[in-house]
Amino acid sequence: MITNLFHPLLALIFAPLMRGIINKTKAFFAGRLGPPLLQPYYDLKKLLKKGCVYSKTTGFVFVLAPVAGVALCVLCLLFLPCGNLPALISFQGDLIFIVYLLGIMRFLTVLAAMDTGSAFEGMGASREVAFSALAEPTMLFGLAALARKAESFSLTPMMHRITAEVWLTDAPTLAMVIAGLLLVFLAENSRIPVDDPATHLELTMIHEVMILDHSGVDLGFIEYASALKMWILGSLIIGLAVPIRSGIIWADIFSVLVGLIALAILVGVIESIMARFRMRLVPQLLIGACIFSIIGFLVQ
Amino acid sequence: MLDLLIIMVVLTNLRLLATSRIESLISWAGIQGMVLGIFALLSRWKHLEPDIFVVGLAAFSFKGIVIPAMLFRLVVAVRSKREADPYVGFIASNLIGLLAFVGALWLGHRLPIPGNDMSNLVLPATLFSIFSGLFLIISRKNAISQVIGFLTMENGTFVLGVGTLYYAPFLVEIGALLDILVAVLVWSVLIRYMNRAFHGITTEQLTKLKG
Numbered sequence: 034m035i036t037n038l039f040h041p042l043l044a045l046i047f048a049p050l051m052r053g054i055i056n057k058t059k060a061f062f063a064g065r066l067g068p069p070l071l072q073p074y075y076d077l078k079k080l081l082k083k084g085c086v087y088s089k090t091t092g093f094v095f096v097l098a099p100v101a102g103v104a105l106c107v108l109c110l111l112f113l114p115c116g117n118l119p120a121l122i123s124f125q126g127d128l129i130f131i132v133y134l135l136g137i138m139r140f141l142t143v144l145a146a147m148d149t150g151s152a153f154e155g156m157g158a159s160r161e162v163a164f165s166a167l168a169e170p171t172m173l174f175g176l177a178a179l180a181r182k183a184e185s186f187s188l189t190p191m192m193h194r195i196t197a198e199v200w201l202t203d204a205p206t207l208a209m210v211i212a213g214l215l216l217v218f219l220a221e222n223s224r225i226p227v228d229d230p231a232t233h234l235e236l237t238m239i240h241e242v243m244i245l246d247h248s249g250v251d252l253g254f255i256e257y258a259s260a261l262k263m264w265i266l267g268s269l270i271i272g273l274a275v276p277i278r279s280g281i282i283w284a285d286i287f288s289v290l291v292g293l294i295a296l297a298i299l300v301g302v303i304e305s306i307m308a309r310f311r312m313r314l315v316p317q318l319l320i321g322a323c324i325f326s327i328i329g330f331l332v333q
Numbered sequence: 036m037l038d039l040l041i042i043m044v045v046l047t048n049l050r051l052l053a054t055s056r057i058e059s060l061i062s063w064a065g066i067q068g069m070v071l072g073i074f075a076l077l078s079r080w081k082h083l084e085p086d087i088f089v090v091g092l093a094a095f096s097f098k099g100i101v102i103p104a105m106l107f108r109l110v111v112a113v114r115s116k117r118e119a120d121p122y123v124g125f126i127a128s129n130l131i132g133l134l135a136f137v138g139a140l141w142l143g144h145r146l147p148i149p150g151n152d153m154s155n156l157v158l159p160a161t162l163f164s165i166f167s168g169l170f171l172i173i174s175r176k177n178a179i180s181q182v183i184g185f186l187t188m189e190n191g192t193f194v195l196g197v198g199t200l201y202y203a204p205f206l207v208e209i210g211a212l213l214d215i216l217v218a219v220l221v222w223s224v225l226i227r228y229m230n231r232a233f234h235g236i237t238t239e240q241l242t243k244l245k246g
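Residue numbers (the numbering used here), protein chains in the order written: chain A, 34 to 333; chain B, 36 to 246.
These are computed hints drawn from the structure, not numbers from a lab.
If you're wondering where the values come from, they're calculated on a predicted model, not measured in any experiment.
Fair warning: there could be bad hints in the mix.
Anything over 12 Å on all C-beta distances counts as not near chain B; from chain A, calculated [to be verified]:
1) Leu-77
2) Ser-88
3) Gln-125
Okay, the calculated beta carbon distance ranges per label pair [stated by the list, open to error]:
4) A:Leu-71 x B:Gly-124: 45 to 53 Å
5) A:Ser-159 x B:Phe-125: 22 to 30 Å
6) B:Leu-134 x A:Ser-159: 23 to 31 Å
7) A:Glu-198 x B:Phe-88: 46 to 54 Å
8) B:Gly-124 x A:Ala-166: 16 to 24 Å
Backbone N, C-alpha and C define an ideal beta-carbon position, used for all residues, glycine too.
Let the sequences and hints guide you as you build the complete structure.
What follows is the structure, given as structure tokens:
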């Protein structure tokens, strides 16, 4: 039972670190020193100390969304295994449950954005919903492909069965699913080439637009929830891409951590060598991701 | 490994259906040719006979390097950069391609080839390549896109040929490679003439030819 707690605890502690690593990698490519590795933690600490400012037009949804975001992410982590680290709770169909927990989180963020009454945030919400409508099928098809491979609708047994031998026999399926999930990872976490987390230029923002009115503790919660979301989607990818199932708990934890650090470095490299796509091209990218996972689903 | 290469052929086909730039079409067709060459070499790596080695190497160099180079020179000569407005849009083409792949998989499982010890993806990939090639030919207006469509179709039959190379004679494969080399040569001459006569290479203008 105690081992089941390892993955959620790791996520809660190390999730913001992934952002730090991405920023450090980008700084390295740009020839800068960059912010300290632990800067996301300092930011969270700073934000949690501050008070919140609420506009008069906002109602209870605006206050609810950040808290609910963190709560839903933590809930999601309870159902999420990574590699050989089992989930705390698992049942048949939990993979669909996780996708919809993330969906509820997005729904609340969108409602909070609409609640501010700002046309600008409404536009961001519209973009976010349009793009995630395209990203969701990719994720579901990818997970369905894995469910078909592992003959289980529950993530924990599924991750147990995806071992190095499966990679030898079914590399195409796994590679296609990972490619699809990686693109979803970039889109859902609003990274380049879909969205640029560093910009605050009105015309190009997707996710950042929606949280412009949040401040203080609320903003801190949103930042923490998005770090957790990055960990959640990342650990799905790493569970597939790093097929180390040693059974020795420390080796498994180590492989998961190294995998996620490598993923963060990969994202940093992608952000350094690519430009953000024009908004018009984003649906094409996401349809491409969907095609990857559908092919992974079909080719078995 | 071989399955991954076949999937790469399928993905390059989808990429060809999704792109509008002629340069990108040619490069991806070239990449597909290189993948096919590597596929031919790796498919019998353990008992690599000289004839298979020659087929693989010839495919890699002709399909991957020579023909794309010829087409690139043609693009420079006729100054055609883009597929301006195709009959079927790019996202729609991709979705149709995906449906076609589903169909090809279904058909491939229903038509087992006797003696095909390679992979059960060979036949679907073949059918899908032939379909994408035909689809490129009927849905694009630019003459160079149509040449690429023909090359894609030929690449499909090459997958099948290599997939069953124990039984297909070596001369047929080499003959087909030389044939498409000559075909591309003839096309590049024709397209240059077409460009001179019509000041463009959209195939719509060919209807004006009727006397």
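Which constraints among the numbered hints does this structure fail? Numbers only, ascending. 7
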